[in-house]
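Assemble chain B onto chain Z, guided by the hints.
What follows is the residue order along each chain.
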Amino acid sequence: DIQMTQSPSTLSASVGDRVTITCRASQSISNWLGWYQQKPGKAPKLLIYEASSLQSGVPSRFSGSGSGTEFTLTISGLQPDDFATYFCQQYNSYSQYTFGQGTKLEI
Amino acid sequence: EVQLVESGGGLVQPGGSLRLSCAASGFMFKSYWMSWVRQAPGKGPEWVANIWEEGGQKYYVDSVKGRFTISRDNAENSLYLQMNSLRDEDTAVYYCARLGVGSGSLDIWGQGTLVTVSS
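First to last, the protein sequences are chains Z and B. Counting in our numbering, the first sequence runs from 196 upward without gaps. Counting in our numbering, the second sequence runs from 34 upward without gaps.
Bound-form chain Z, shown alone (with noise of 0.2 Å):
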């Protein structure tokens, strides 16, 4: 099974700052991986899509790049509304599906 690592686990930071999440996979998975934002008591959001897709709708301060093993999820000038839970989530093999455990961004 693909296992993904996400870091960090917490990230503080402050309106107006650039911050980066790191997803590692346990093997090579292409482009296949997701970045999701998700706030308390709602749905996963889909934020980037083959790992550098901006998906319709999502502001272009998020971007996302990467490929293999290491992806980065990166906000440029983090907005009050974009404090939330980030996960990332690789689609290798429609018969396994693996989410990271999360980075929660703090103000």
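Everything labelled a hint here was simulated from the structure, so no lab data went into it. Any given hint might turn out to be false.
Stated by the list, open to error - So, partial list: chain Z residues that the calculated Cβ filter (under 8 Å) puts toward chain B:
id, residue
1, W227
2, A238
3, L241
4, Y244
5, Q250
6, F278
7, F282
8, Y286
9, S290
10, F294
11, G295
12, Q296
13, G297
14, E301
Bear in mind that the values here come from a model prediction, so they are computed numbers and not experimental data. Idealized CB from N, CA, C, for every residue including glycine.
Structure of chain B alone, referenced to chain Z:
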């Protein structure tokens, strides 16, 4: 508006059964792969199952194989999850989600339904 609405959650005793439903609207349901994803309290999401457009291919996480069954009714625009032999560790919010076209990412999610397994 593209929408997924889950129902059927509740309190069930260990060893019991429950059937979750997900009503889809605002898109051509029969053309999309669909998923169930769950999230235990205070934990990250866990993928549970996938089903392809016609329902012929189904995939499950190991921990639910033989106990859960994903199915769909394209005429009713509905997705289902039959859960049998429920365990304490199955307690979670269950979400249905749509796979993006040509992608395995989950681009549309429902609001979730809570399943609590407890005696």
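>> Please check whether L241/Z passes as an interface residue: C-beta within 8 Å of a C-beta belonging to chain B.
In response: holds (5 Å)
*Would you check whether E301/Z satisfies its interface hint, that is, whether its CB is within less than 8 Å of any CB in chain B?*
violated (16 Å)
(request) Closer than 8 Å between Cβ atoms is the bar; does Y286/Z clear it against chain B? Give me holds or violated. (result) holds (3 Å)
### Query
Measuring from the C-beta of W227/Z to each C-beta in chain B, is the shortest one below 8 Å?
It holds, given that the least Cβ distance between W227/Z and chain B is near 6 Å, below 8 Å.
Closer than 8 Å between Cβ atoms is the bar; does A238/Z clear it against chain B? Give me holds or violated.
With a minimum Cβ separation of about 4 Å from chain B (threshold 8 Å), the hint on A238/Z holds.
query: How about Q296/Z: closest beta carbon in chain B under 8 Å, or not?
result: holds (5 Å)
Open item on the list: Interface hint check: Y244/Z, Cβ to nearest Cβ on chain B, cutoff 8 Å. Holds or violated?
Closed with: Nearest chain B Cβ about 4 Å off; hint holds.
* Hold the hint about S290/Z up to the distance rule: shortest CB distance to chain B must be less than 8 Å. => holds (4 Å)
Less than 8 Å between beta-carbons is the criterion; does G295/Z satisfy it with respect to chain B? Holds, because the Cβ-Cβ distance from G295/Z to chain B comes to roughly 7 Å (cut-off 8 Å).
Does the closest beta carbon of chain B sit nearer than 8 Å to the beta carbon of F278/Z?
violated (18 Å)
inquiry  = Less than 8 Å between beta-carbons is the criterion; does G297/Z satisfy it with respect to chain B?
reply    = Where the cut-off is 8 Å and the nearest Cβ of chain B is about 5 Å from G297/Z, the hint holds.
Exercise for review: Double-check F282/Z for me: the hint is only fine if its C-beta lies closer than 8 Å to a C-beta in chain B.
Suggested key: Hint holds; F282/Z Cβ to chain B Cβ min 6 Å, cut 8 Å.
Taken one by one, the earlier hints fail for this structure at numbers 6 and 14, listed in ascending order.
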